[in-house]
Amino acid sequence: MRLKWVKLLVPVGALLALALGLSSCGDDNGGDESTATSAVPKEFAPVTAAPDGVKTGGELKVLSAGDIDFMDPGGAYYLPTFQITLAAQRTLLSWGPKDIEKPIPDLAEAEPEISDDGQTLEFKIRDGVRFGPPVNREVTAADVKYAIERADLPGVANAYGQLYLSDIVGYSAARKEAADNPTGGAPDIPGITTPDDRTLRIEIKQPPKIAIAQVISQALSLPISAPVPEEYAKEFDAKNPSTYGQFVVFTGPYMVQNDCVDDSGKVVNEDCSGELTGYTPGKEIKLVRNPNWDPDTDWRPAYLDSIDIQEGFTDTASASRKILGGEDEVSGDFPPPKNVLKEAAQDSEPGQLQLPELPGYRHISMRTDKPPFDDINVRKAVIANSDREALRNTRGGPLIGTVATHYISPGFPGFEEAGGLKGPDLDFIANPNGNPELAAQYMKKAGFKSGKCEGSDCEITMVGDNIPPGKDTAEVFKSQLEDLGFKVDFRPVDHAIMYTRFCSVPAQEPEVCPNVGVAPDFRDSQVLLAPSFSGASINPQNNTNWPMLDVPEINKAIDQARLIADPDERAKAWAHVDELVSEQAPAVPWVWENFPIIQSTDVAGVVNLFNASWDLSFTSLK
Amino acid sequence: MLRYIIRRILWSIALLVICSAVVFTIFYVLPTADPAKLRAGKAASPEQIELIRESLGLDDPKYQQFLRYMAGVFTPYKNEEKGVDGPFDLGTSIFQNNKPVREVIFDRLPATVFLVTGAVVIWLAMAIPVGIISAVKRRSLLDRTTMITSLAFISAPVFWLGLVALYLFAQDVGQFPIFPGIGSYNDAESFTGRAESLILPWLVLAAATAAIYARYLRSQLIDVMSEDYIRTARAKGLSEQRVIWRHGVRSAITPIVTLLGLDIGVLLAGNAILTESVFNIPGIGKETVTAIGQSDLPLIQGIVLFGAFFIVILNLIVDILYAYLDPRVRYQ
Amino acid sequence: MEASELREQPAVVGASAELAKIDPTAIPARSPWQLFWRRFREDRLAMAALVFLVLLILVAIFAPLVVKLFGAPDPNEQDTGALDPFFATPTGPSSAHLFGVDQIGRDVFSRTIYGARVSLIVAFAATALATLAGIVTGLLAGYLRGWVDTAISRSVDVLLAIPYLLLATGLAVACGGEGGCLGGLIQPGLGVVIFVIASTSWTYMARIVRGQTLSLREKEFVEAARSVGASNTRIIFKEILPNLTAPIIVYASILIPQVILYEAALSFLGVGVIDQPSWGQMISDATPIFSDAWWYMLFPGLALLFTVLAFNLVGDAMQDALNPRAKKT
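Chains as they are written, first to last, in our numbering: chain A, 1 to 622; chain B, 1 to 332; chain C, 1 to 329.
Keep in mind that the hints were calculated from the coordinates and are not lab data.
Some hints here could point you the wrong way.
Each computed PhoX-like pair below joins lysine-lysine, with the alpha-carbon atoms no more than 20 Å apart [claimed, not checked]: (1) Lys137(B) / Lys283(A); (2) Lys99(B) / Lys239(A); (3) Lys370(A) / Lys452(A); (4) Lys238(C) / Lys219(C); (5) Lys370(A) / Lys422(A).
Some chain A residues well away from chain B (every beta-carbon gap over 12 Å; in silico) [claimed, not checked]: (6) Leu79; (7) Val267; (8) Lys283; (9) Gln310; (10) Asp315; (11) Asn377; (12) Asp494; (13) Arg501.
C-beta: ideal position from N, C-alpha, C; glycine also.
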């Protein structure tokens with residue numbers, strides 16, 4: 001189907017304004033219906049509420065290029081997977097479309113009670129939340145306890161539990177026990193108790209801190225706290241890897257279709273096993289209504305009757321055109337490529353293209369522990385030389401994001417304190433298009449008289465994506481490095497392999513990793529800075545501190561900032577960490593992104609700003 | 001005749017075994033990197049890698065691995081511990097959610113068969129008349145133009161032809177939107193819908209091969225037409241048309257038939273890769289391209305082996321057919 | 001003879017056989033080469049193609065000069081100014097960029113010129129290797145017969161059984177991982193491509209050389225040499241090999257265009273040459289944006305088309321010149 005040729009009223013004007021006055025456009029407070037940031041013209045501002053006269057019913061088709069990572073909520077750790085878990089699983093706290101400051105109570109009745117000394121955290125579980133078929137019974141606190149405990153099992157492969165929950169009493173011991181005995185069931189965590197069916201109490205190690213409790217509370221907005229019934233799941237969890245992922249039960253308004261229900265979410269088979277029939281890996285995920293979901297217990301409206309996620313649309317250009325010209329379709333895990341984005345921005349109907357901010361940042365890391373980048377002057381030279389606007393342009397023009405200048409991204413606490421859009425007052429990051437003379441000066445300071453790199457240390461390896469736009473970013477950066485005299489051996493590999501075999505494994509990590517980035521797990525600046533720049537985060541596997549930065553002053557500042565409970569003080573403290581990190585020049589931050597998402601004309605899509613994706617519980621068909 | 005058939009069958013079996021050995025060598029012996037690492041997939045922690053090493057038995061001496069591999073392919077040998085599930089165990093893919101390769105192949109086979117069959121029909125329909133007419137009207141303007149055009153089609157890379165065809169004729173992006181474009185095979189719901197989405201791919205895939213066959217038929221026909229028995233037929237007073245058809249074409253056609261068998265085999269076993277890639281048709285070729293991007297070694301290995309098997313078996317059939325048609329072959 | 005050999009018997013039998021048929025008194029004495037060249041020259045189109053190829057080779061060798069001559073930038077230079085300011089999409093042919101730019105601003109004209117290098121290097125190197133391997137194995141198989149012949153012919157059968165594109169991609173992926181193949185002997189890049197193409201193409205030449213050797217060894221001059229007591233090596237090098245030169249050259253020239261397309265296919269699939277501009281890879285890069293950025297797909301494709309066409313025309317004419325029978329009737 002051809003695109004509808006309805007031109008927007010003021011696209012050109014908006015774009016001109018965009019190009020001319022980025023830094024002069026106010027700041028980025030959210031708060032109203034369409035939360036436009038300075039970088040996004042009003043036309044493409046994400047819509048975060050359902051329209052008046054919203055209609056119920058119908059099936060939405062979500063077109064995706066790849067697959068989710070894990071259907072098992074214990075293992076899920078991928079933004080496209082979260083699009084499903086936000087609609088199908090109820091976690092203690094969760095994120096509605098507009099919630100960008102903190103998560104709201106979901107499975108919990110209210111925000112947790114934190115004791116004055118920060119020693120305990122208590123959640124009251126809501127009444128009336130039931131598991132979907134075949135479990136059917138009401139959710140109790142014990143189900144959340146089991147969910148957190150089972151995430152320690154190697155067979156569940158949870159990647160973030162120990163990052164945020166290790167301050168819970170007995171957590172690390174339980175984790176070790178699980179590693180030693182992977183098929184022995186989920187070990188008990190003494191610090192998590194259930195005084196009664198409706199109460200979940202968490203005890204924090206000495207010395208307890210309110211700030212730690214707050215972080216734990218935020219972390220429990222991730223799928224790790226989605227309840228899992230032990231009596232049902234333990235036979236699956238006894239295997240390594242766990243097979244629960246094929247038999248997941250759901251608590252949200254939607255569920256992945258299993259052998260108990262039909263297409264409309266009605267129970268048709270009382271004698272069912274719970275095996276997911278709606279999930280064909282790599283092909284399709286079918287979400288139907290959860291018959292046991294009680295709308296009175298939930299803030300989600302759930303207008304749609306069913307959602308069909310179709311995977312395998314690797315040709316994102318034609319998939320995007322299909323959505324724009326089609327019916328009942330929205331984009332899933334891919335942004336429209338540059339040329340289709342142009343068509344969408346210029347020719348589509350209002351609202352078809354929306355540009356929510358993607359929290360976090362993308363950066364190009366340099367290994368600070370090995371030559372040639374162990375010399376700070378060399379690193380400063382590389383940053384000074386890099387044309388970050390050109391890097392940003394590999395993903396698209398100004399519409400898809402602003403050139404980043406530091407690491408706390410817009411909207412996060414501490415952003416303004418760390419310098420806002422303009423960034424810290426450092427000469428090597430001042431010019432988004434690069435400053436070759438300054439770069440040459442820094443190279444000379446590093447001992448390279450010619451202003452360019454000389455010697456065998458200048459032969460470096462770079463491992464990056466093998467498909468655009470990641471590949472393009474890597475190529476552009478490669479040529480910028482070569483301008484400075486480096487000889488770069490670029491190895492393009494699959495994106496996941498780039499992480500799991502190279503960049504996230506210090507033993508194999510090359511000098512430069514151009515396609516890394518941080519997607520924050522919740523809205524606290526700790527998650528933007530600690531995993532990427534703290535010496536304590538360095539891990540022989542799944543390492544996220546790609547620059548291998550280990551500076552005592554920064555580590556100390558991070559440890560201190562972690563423990564501050566007062567929001568304003570905390571913001572200032574993290575901004576300070578951000579400055580310290582920037583001064584160390586460990587990486588080239590290059591974009592704070594907007595993630596373009598598109599919908600067909602007959603879809604009334606609502607955007608979930610936490611996930612920068614269409615919120616399946618609030619979206620409806622016109 | 002029977003002795004010939006038996007000899008060919010025995011040689012084909014030997015060929016299958018040797019091909020498996022070659023494939024095994026390429027994927028297990030040649031690479032310098034740790035085979036467990038190459039097969040570890042997404043979660044490559046050292047524990048996972050060791051798990052993979054154990055579950056695939058990569059620590060055992062190479063000959064043991066090789067025997068296990070061969071047993072899994074040819075015999076109903078099953079070994080759950082080492083992940084072997086014979087017969088026809090072509091391996092387990094990493095990135096297709098650990099599906100057995102043979103399942104992946106059988107899932108994707110129909111699309112490739114559909115693509116190749118349509119292309120064959122079209123290229124025969126184009127090549128035969130063009131070849132015959134060009135031979136008959138040799139050195140005429142028609143002949144020279146068609147020969148140059150066919151040479152152009154042979155010289156153009158098939159994936160480029162595909163892009164040009166899409167640029168000109170695809171419904172969503174083309175200058176003259178006539179045919180369904182990229183990805184329309186996946187959208188199509190009915191048989192006719194799918195057939196419609198394959199029209200451009202058929203034409204593109206057929207173009208180069210039609211050109212080759214037209215030229216080949218033309219040169220075969222020209223050679224045959226200068227043979228003595230043709231002159232005799234003419235001398236006997238047979239009309240030119242009869243001479244061409246009954247004597248000329250019939251003997252020129254036989255090598256074409258066998259060549260056709262080979263080409264179909266080669267296409268089905270994976271050369272349609274380029275066309276499937278450009279048009280996004282979910283066949284075996286496209287699967288291979290995806291596997292390449294993900295470095296899904298077991299999947300590629302399984303597909304290569306499958307391709308080899310297919311060609312060997314097709315060769316066998318064609319040889320037997322040829323022996324049936326041309327008695328010279330049998331008597332040695 | 002196996003059925004497969006009967007099927008694939010090339011139309012040309014043997015240069016010496018044909019040339020020997022010519023009546024020596026009827027035509028003024030000319031060397032076989034002069035006659036060959038004379039016939040070749042008659043084909044005007046092939047001559048034009050030959051001129052084109054010579055030009056192409058010169059352009060490839062002097063690529064930097066050619067690029068400068070046209071005022072185009074370096075092929076790896078990324079001109080961000082040539083991208084659309086709002087959407088960073090590439091722009092088409094303009095005065096600054098004759099053939100437009102690619103998705104990161106590199107000049108397509110430059111890259112097309114430099115791409116000729118990769119295509120020609122791979123074409124000649126892989127063909128040379130394949131031909132060499134083919135000659136050696138074909139000679140041995142055809143001359144020595146017996147178990148040597150069987151062994152070699154069977155190996156050829158095995159290699160022919162595995163579809164070459166799949167085999168090539170399999171090899172390229174297996175050897176594309178860390179460390180390459182054979183303990184690092186074969187590294188990803190140009191080396192792998194040439195190795196992979198050569199190792200799947202030598203069978204073509206081997207078959208032909210074997211067939212020719214088989215018929216040549218029965219000729220009288222060989223028998224004569226043998227009766228005088230010449231060693232096998234002498235016979236192979238002094239009697240047989242010289243008579244093979246003409247068909248070898250002809251068939252090598254037919255192999256070259258196939259190798260060029262082969263390399264383009266491998267580059268298109270992403271297992272070919274990565275770090276240098278290559279026509280196949282440029283077309284592969286153009287695939288996501290070809291509907292808007294047609295220039296990026298068109299020019300490398302035309303380059304491939306004309307190059308391969310030229311080689312095909314030359315190869316055809318050489319084959320015709322070697323086998324004048326086809327032109328007589």
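Results for each hint:
Note on lysine 137(B) and lysine 283(A): the hinted pairing is violated, with a Cα-Cα distance of about 54 Å set against a maximum of 20 Å. Restraint check for lysine 99(B) and lysine 239(A): satisfied, since their Cα atoms lie roughly 19 Å apart, inside the 20 Å limit. About 18 Å separates the Cα atoms of lysine 370(A) and lysine 452(A), which keeps this hinted pair within 20 Å; it holds. Proximity of lysine 238(C) to lysine 219(C) is assessed by CA-CA distance (about 14 Å); at most 20 Å being required, the pair is judged to hold.
At roughly 30 Å between alpha-carbon atoms, lysine 370(A) and lysine 422(A) are farther apart than 20 Å, so this suggested pair is violated. Listed as outside the interface, leucine 79(A) is consistent with that label: its C-beta sits roughly 16 Å from the nearest C-beta of chain B, beyond the 12 Å cut-off. The beta carbon of valine 267(A) sits about 28 Å from the closest Cβ of chain B, which is more than 12 Å, so the claim that it is off the interface holds. Not every CB of chain B lies more than 12 Å from the CB of lysine 283(A), the least distance being 10 Å, so the non-interface label is violated.
Under the 12 Å C-beta cut-off, the non-interface status given to glutamine 310(A) relative to chain B is violated; the minimum distance is some 9 Å. The Cβ of aspartate 315(A) does not lie farther than 12 Å from every Cβ of chain B; its closest approach is about 5 Å, which violates its non-interface assignment. Under the 12 Å C-beta cut-off, the non-interface status given to asparagine 377(A) relative to chain B holds; the minimum distance is some 35 Å. Not every beta carbon of chain B lies more than 12 Å from that of aspartate 494(A), the smallest distance being close to 5 Å; the non-interface claim is violated.
Residue placement check: arginine 501(A) does not keep its beta carbon more than 12 Å from all beta carbons of chain B (closest about 5 Å).
In this structure, the earlier hints numbered 1, 5, 8, 9, 10, 12, 13 are contradicted, and the remaining ones agree with it.
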